[in-house]
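Q: Residue-level listing of the chains:
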Amino acid sequence: MPQDLAEVYRTTYRALVRFLYRKVWDAERAEDLAQEAFVRAVVHKPDNARGWLFIVAANMARDEARRAARERRHLTLLTAEPQESRSATDEALDVESDRARVRAALDELSPRDREVLLLWDAGLSYEEIAAQTGLARGAIGTTLSRARRRLVQAYEAGKPGEHVARG
Amino acid sequence: MSHVDDGTLHTYLDGELAPAEARGVDAHVAQCPACRERLEEERALITRAGELLALAAPPDRELPPFRAGDVRPPTRLWWRVRLPLAWAATIVLALGIGTYLGRGVEQGRRAETPADTAPARLRALEAPIRPEQAQRESRVAARGTARKPAAAPVAAQGFVRLDGERDGLKGSPIGVDTARALLGGDPLAVPGAPIRAVYRARELGYSAVVIVEQVLDSNTVIEVVNRRRSPMALDQVVVTAAPAARADSVSAPERAVPSRARVADSLAAAPAERAAARLSRRFANLEIQISGPVSSDSLRKLLELVQPLKP
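In order, the protein sequence lines correspond to chains A and B. Sequential numbering of the first sequence, starting at 1, is according to our numbering. Sequential numbering of the second sequence, starting at 1, is according to our numbering.
Check before you lean on any hint, since a few could be wrong.
[To be verified] Pairwise CB distance ranges (calculated): (1) B:297 to A:47: 49 to 55 angstroms; (2) A:45 to B:54: 46 to 52 angstroms; (3) A:62 to B:61: 23 to 29 angstroms; (4) A:107 to B:62: 48 to 54 angstroms; (5) B:22 to A:70: 45 to 51 angstroms; (6) B:310 to A:63: 50 to 56 angstroms; (7) A:108 to B:285: 55 to 61 angstroms; (8) B:305 to A:11: 57 to 63 angstroms; (9) A:134 to B:22: 21 to 27 angstroms.
FYI, nobody ran anything at the bench for these hints, they're computed from the structure. Beta carbons are placed, not taken as given, at the ideal position from N, Cα and C, and that holds for glycine.
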């Protein structure tokens with residue numbers, strides 16, 4: 001079992017971090033959560049470790065988001081969001097603003113479309129995504145086509161928008 | 001073929017379409033300029049969406065070492081596992097004490113010496129797996145002791161009963177269907193003899209034990225014990241059983257066990273002393289044993305008669 005899990009770790013860890021990052025938007029935190037997911041896998045020894053890890057990760061990210069939302073309510077008046085600070089160099093600013101725009105575009109998606117898109121981008125197959133989301137396998141393609149279209153549209157629409165003040 | 005919908009196009013481009021369907025899309029796109037154009041549009045859309053997501057990717061870092069082992073100390077894991085075990089032990093103890101006391105009332109005192117409390121064969125069967133079990137039980141018992149000191153002397157008694165008495169713990173009456181489910185097949189019984197009750201029982205080394213109580217005559221009740229071995233003990237069985245004995249053997253009782261004397265069953269109002277012999281026989285994956293206040297020859301004959309109880 002540890003051998004198997006070590007292999008899953010090698011092949012899935014980065015995908016899991018990638019998946020988590022788009023949910024918590026903090027690289028350190030995403031890595032911590034991914035590690036935590038693997039710790040739980042060691043304890044629970046699930047049959048399908050890969051699928052199981054993504055389910056656990058999604059749950060942890062949801063809990064995390066709730067907690068963050070609670071905390072944000074308290075902190076809004078005290079501190080500014082990191083994304084809104086404009087003290088970095090232009091280049092870093094561009095990277096940061098791109099990321100913020102993608103994030104904003106992802107937020108425009110329905111939760112289910114977003115989940116499917118993120119799972120696909122993390123490397124899960126249609127089969128695995130279906131098992132994870134409860135959608136029929138035949139519905140994944142349609143969901144993905146809609147999610148991709150909305151993501152690109154929302155991104156293009158937000159380009160000159162409120163997140164960046166270029167030039 | 002009608003035009004290809006977006007979902008199918010994406011499934012196709014993602015390489016997730018079944019081969020037969022993919023060939024259908026190929027064929028249609030080859031002769032439909034509109035769908036060919038859409039296919040390219042969707043391909044571009046997928047590429048673009050992928051690029052955008054890549055913009056929002058976490059920084060690419062080295063794969064950190066798998067630190068799962070040291071994040072949480074194993075003690076916490078143990079705590080999780082042992083708490084339910086402690087509960088289970090408490091229940092087993094309660095049942096054990098109840099059965100023990102109940103038998104005492106029901107049957108009076110039995111004259112037993114340690115040497116004949118368990119047939120030699122059973123001892124041999126259980127011996128290899130016992131150290132581990134004993135260890136586990138003692139740990140659980142120790143835990144129970146720590147949590148509830150008053151239970152300690154009883155705890156010891158309860159486990160003595162489990163280990164020393166071959167009967168294990170006779171539980172509550174069950175239906176034949178339940179017995180079937182427990183044993184994974186039809187329970188065995190002596191054909192023709194009325195069944196008074198079927199009990200579930202617990203015994204070390206067996207995943208399921210079902211006792212069929214049958215009435216031979218107004219004074220005589222026999223117990224047909226159906227035991228299904230637990231997977232853990234399987235290799236031990238192979239090692240310790242007589243080499244000639246195959247698991248599927250249904251021939252004569254190959255390994256008759258020494259009978260032991262038993263003080264009369266007071267409920268049966270029988271004469272003072274009667275031999276209660278025990279014999280056993282394999283039947284597919286079940287180990288069948290009959291006990292009752294009749295001669296060992298009779299038991300041996302009865303044992304040859306046992307048949308699966310058909311629904």
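Q: Is the gap between the beta carbons of residue 45 (chain A) and residue 54 (chain B) within 46 to 52 angstroms?
A: Hint violated: Cβ distance 34 angstroms, outside 46 to 52 angstroms.
Q: Against the range 49 to 55 angstroms, how does the distance between the Cβ atoms of residue 297 (chain B) and residue 47 (chain A) compare: consistent or not?
A: 52 angstroms, holds
Q: If I claimed the Cβ atoms of residue 134 (chain A) and residue 22 (chain B) lie 21 to 27 angstroms apart, would that claim hold in this structure?
A: 26 angstroms Cβ-Cβ, so the 21 to 27 angstroms window holds.
Q: Given a hint of 48 to 54 angstroms, does the C-beta separation of residue 107 (chain A) and residue 62 (chain B) actually sit inside it?
A: 30 angstroms, violated
Q: With respect to the beta-carbon atoms only, verify the hint that residue 305 (chain B) and residue 11 (chain A) lie 57 to 63 angstroms apart.
A: About 59 angstroms separates the Cβ atoms of residue 305 (chain B) and residue 11 (chain A), which means 57 to 63 angstroms holds.
Q: Does the Cβ pair residue 62 (chain A), residue 61 (chain B) satisfy 23 to 29 angstroms?
A: 24 angstroms, holds
Q: Taking 55 to 61 angstroms as the hint, is the beta-carbon distance of residue 108 (chain A) and residue 285 (chain B) inside that range?
A: 60 angstroms, holds
Q: Can you tell me whether the CB distance of residue 310 (chain B) to residue 63 (chain A) sits inside 50 to 56 angstroms?
A: 54 angstroms, holds
Q: Does the beta carbon distance between residue 22 (chain B) and residue 70 (chain A) stay inside 45 to 51 angstroms, or does it fall outside?
A: At roughly 48 angstroms between Cβ atoms, residue 70 (chain A) and residue 22 (chain B) fall inside 45 to 51 angstroms, so the hint holds.
Going through the hint list in order, the structure does not satisfy hints 2 and 4.
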